[in-house]
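Visitor: As a plain string of letters, each chain reads:
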Amino acid sequence: QKEVEQNSGPLSVPEGAIASLNCTYSDRGSQSFFWYRQYSGKSPELIMSIYSNGDKEDGRFTAQLNKASQYVSLLIRDSQPSDSATYLCAVILSGAGSYQLTFGKGTKLSVIP
Amino acid sequence: GAGVSQSPSNKVTEKGKDVELRCDPISGHTALYWYRQSLGQGLEFLIYFQGNSAPDKSGLPSDRFSAERTGGSVSTLTIQRTQQEDSAVYLCASSLLNRGNSPLHFGNGTRLTVT
Numbered sequence: 001q002k003e004v005e006q007n008s009g010p011l012s013v014p015e016g017a018i019a020s021l022n023c024t025y026s027d028r029g030s031q032s033f034f035w036y037r038q039y040s041g042k043s044p045e046l047i048m049s050i051y052s053n054g055d056k057e058d059g060r061f062t063a064q065l066n067k068a069s070q071y072v073s074l075l076i077r078d079s080q081p082s083d084s085a086t087y088l089c090a091v092i093l094s095g096a097g098s099y100q101l102t103f104g105k106g107t108k109l110s111v112i113p
Numbered sequence: 001g002a003g004v005s006q007s008p009s010n011k012v013t014e015k016g017k018d019v020e021l022r023c024d025p026i027s028g029h030t031a032l033y034w035y036r037q038s039l040g041q042g043l044e045f046l047i048y049f050q051g052n053s054a055p056d057k058s059g060l061p062s063d064r065f066s067a068e069r070t071g072g073s074v075s076t077l078t079i080q081r082t083q084q085e086d087s088a089v090y091l092c093a094s095s096l097l098n099r100g101n102s103p104l105h106f107g108n109g110t111r112l113t114v115t
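As they're listed, the protein sequences go chains A and B.
For the first sequence, position 72 (counting from the first letter as 1) is numbered 72 according to my numbering, and the numbering increases by one without interruption.
For the second sequence, position 62 (counting from the first letter as 1) is numbered 62 according to my numbering, and the numbering increases by one without interruption.
Please keep in mind that the hints were generated in silico from the structure rather than gathered at the bench.
Treat the numbers as computed from the prediction; the structure is a model and nothing was measured.
Idealized CB from N, CA, C, for every residue including glycine.
Take these hints with a grain of salt, some might be off.
Mimicking DSSO-like on lysine-lysine, the simulated pairs with C-alpha atoms at most 30 Å apart in a straight line are [unchecked claim]:
id: 1; chain 1: A; residue 1: 105; chain 2: B; residue 2: 15
id: 2; chain 1: B; residue 1: 11; chain 2: A; residue 2: 108
id: 3; chain 1: B; residue 1: 11; chain 2: A; residue 2: 67
id: 4; chain 1: B; residue 1: 17; chain 2: B; residue 2: 57
id: 5; chain 1: A; residue 1: 108; chain 2: A; residue 2: 67
id: 6; chain 1: A; residue 1: 67; chain 2: A; residue 2: 56
id: 7; chain 1: B; residue 1: 17; chain 2: A; residue 2: 42
id: 8; chain 1: B; residue 1: 15; chain 2: B; residue 2: 57
id: 9; chain 1: A; residue 1: 42; chain 2: B; residue 2: 57
id: 10; chain 1: A; residue 1: 67; chain 2: A; residue 2: 105
id: 11; chain 1: A; residue 1: 56; chain 2: B; residue 2: 11
id: 12; chain 1: A; residue 1: 67; chain 2: B; residue 2: 57
id: 13; chain 1: A; residue 1: 56; chain 2: A; residue 2: 108
id: 14; chain 1: B; residue 1: 11; chain 2: A; residue 2: 42
id: 15; chain 1: B; residue 1: 57; chain 2: A; residue 2: 105
id: 16; chain 1: A; residue 1: 108; chain 2: A; residue 2: 42
Some residues of chain A that are not near chain B, with every Cβ distance over 10 Å (derived) [to be verified]:
id: 17; residue: 28
id: 18; residue: 68
id: 19; residue: 71
id: 20; residue: 80
id: 21; residue: 84
Computed from the model, here is a short list of chain A residues facing chain B with C-beta under 10 Å [unchecked claim]:
id: 22; residue: 4
id: 23; residue: 6
id: 24; residue: 7
id: 25; residue: 38
id: 26; residue: 43
id: 27; residue: 67
id: 28; residue: 101
Isolated chain A (complex conformation) (with noise of 0.2 Å):
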């Protein structure tokens, strides 16, 4: 079965710190990945996207793409408590056609002041 695995967390960190936040996924085929935030009761927005090996930097935010890895990572510089939130990893497996996007089950974030 094809599955996207995250760390549950919770994730605590000081306020100012790095926030890095991990996934893995089993379809090797895979080419788009993506990374939702969702507060408590809210529905999920995107606050990243990445395609290609390597980094790709938006403000405080930095995705990491590792394809031979099966590898994607998030990484929140200068943390804020607003960051404070479930991060959903998000990979569209390959061969469905339809693009559906695959989650995981999400990381809970938790920046103290």
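Go by the hints and put chain B onto chain A.
Guide: Structure of chain B alone, referenced to chain A:
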């Protein structure tokens, strides 16, 4: 509209009753997805529409679940003879194109409680 709209926001129903959940996607978005999220769990894919057709229904958990989309816009997810395990938040998302690099925009969801 400005975003994906779902209704109702909350629905409480008795076991065995049928329910209909509605999704109004962002105008012009051709792809529409239904997911469900149980308490403390990740998002579970249910069904995907491209226009009015549903090329991928693989996530529907049983034949009690069905969905349709009309006019390439509004979609309805119907659950017949609801069971307690159907209790979850049902999320609808739309995207501009059916492409791997077209992000999904989610609605606020319908919280379904089956008593």
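Visitor: Now, for every hint given, state plainly whether the structure supports it.
Guide: To see whether the hints hold, each was checked on the structure:
For the proposed pair residue 105/A and residue 15/B, the alpha carbon gap of about 27 Å is at most 30 Å, so the pair holds. Proximity of residue 11/B to residue 108/A is assessed by CA-CA distance (about 27 Å); at most 30 Å being required, the pair is judged to hold. For the hint pairing residue 11/B with residue 67/A, the CA-to-CA distance comes to about 42 Å; that exceeds 30 Å, so the pair is violated. For the hint linking residue 17/B to residue 57/B, the alpha-carbon distance of about 23 Å falls within 30 Å, and the restraint holds.
Restraint check for residue 108/A and residue 67/A: satisfied, since their Cα atoms lie roughly 24 Å apart, inside the 30 Å limit. Restraint check for residue 67/A and residue 56/A: the C-alpha separation of about 14 Å stays at or below 30 Å, so the hint holds. The straight-line distance between the Cα atoms of residue 17/B and residue 42/A is roughly 27 Å, inside the 30 Å bound, and the hint therefore holds. Restraint check for residue 15/B and residue 57/B: the C-alpha separation of about 24 Å stays at or below 30 Å, so the hint holds.
Restraint check for residue 42/A and residue 57/B: satisfied, since their Cα atoms lie roughly 25 Å apart, inside the 30 Å limit. A distance of roughly 20 Å separates the Cα atoms of residue 67/A and residue 105/A; the hinted pair therefore holds under the 30 Å criterion. With a C-alpha separation of about 41 Å, the suggested pair residue 56/A and residue 11/B falls outside the 30 Å cut-off, and the hint is violated. Note on residue 67/A and residue 57/B: the hinted pairing holds, with a Cα-Cα distance of about 28 Å set against a maximum of 30 Å.
The straight-line distance between the Cα atoms of residue 56/A and residue 108/A is roughly 22 Å, inside the 30 Å bound, and the hint therefore holds. Our distance criterion of 30 Å between C-alpha atoms is met by residue 11/B and residue 42/A, whose separation comes to about 16 Å. Taking the CA atoms of residue 57/B and residue 105/A, the gap is about 21 Å. The hint holds against a cut of 30 Å. Restraint check for residue 108/A and residue 42/A: the C-alpha separation of about 14 Å stays at or below 30 Å, so the hint holds.
Every CB of chain B lies more than 10 Å from the CB of residue 28/A, the least distance being 16 Å, so the non-interface label holds. The non-interface label for residue 68/A is consistent with chain B: the shortest C-beta to C-beta separation is roughly 19 Å, beyond 10 Å. For residue 71/A, the shortest C-beta to C-beta distance to chain B comes to about 18 Å, beyond the 10 Å cut-off, and the non-interface label holds. For residue 80/A, the condition that its CB be more than 10 Å from all CB atoms of chain B holds, with the nearest at approximately 23 Å.
No beta-carbon of chain B comes within 10 Å of the beta-carbon of residue 84/A; the shortest separation is about 16 Å. Annotation: residue 4/A was flagged as interfacial toward chain B, and the flag holds, the nearest CB pair being 8 Å apart, inside 10 Å. A cut of 10 Å between beta carbons decides the hint on residue 6/A: the least distance to chain B is about 8 Å, and the hint holds. At about 13 Å, the closest approach between the beta carbon of residue 7/A and any beta carbon in chain B exceeds 10 Å, and the interface hint on this residue is violated.
The restraint placing residue 38/A at the interface with chain B holds, with a minimum CB-CB distance near 9 Å, inside the 10 Å limit. Hint status for residue 43/A: holds, given a least beta-carbon distance of 4 Å to chain B, under 10 Å. Annotation: interface hint on residue 67/A violated; nearest CB of chain B at approximately 14 Å, more than 10 Å. Because the beta carbon of residue 101/A sits about 6 Å from the nearest beta carbon in chain B, less than 10 Å, this interface hint is met.
The structure fails hints 3, 11, 24, 27 (numbered hints given earlier, in ascending order).
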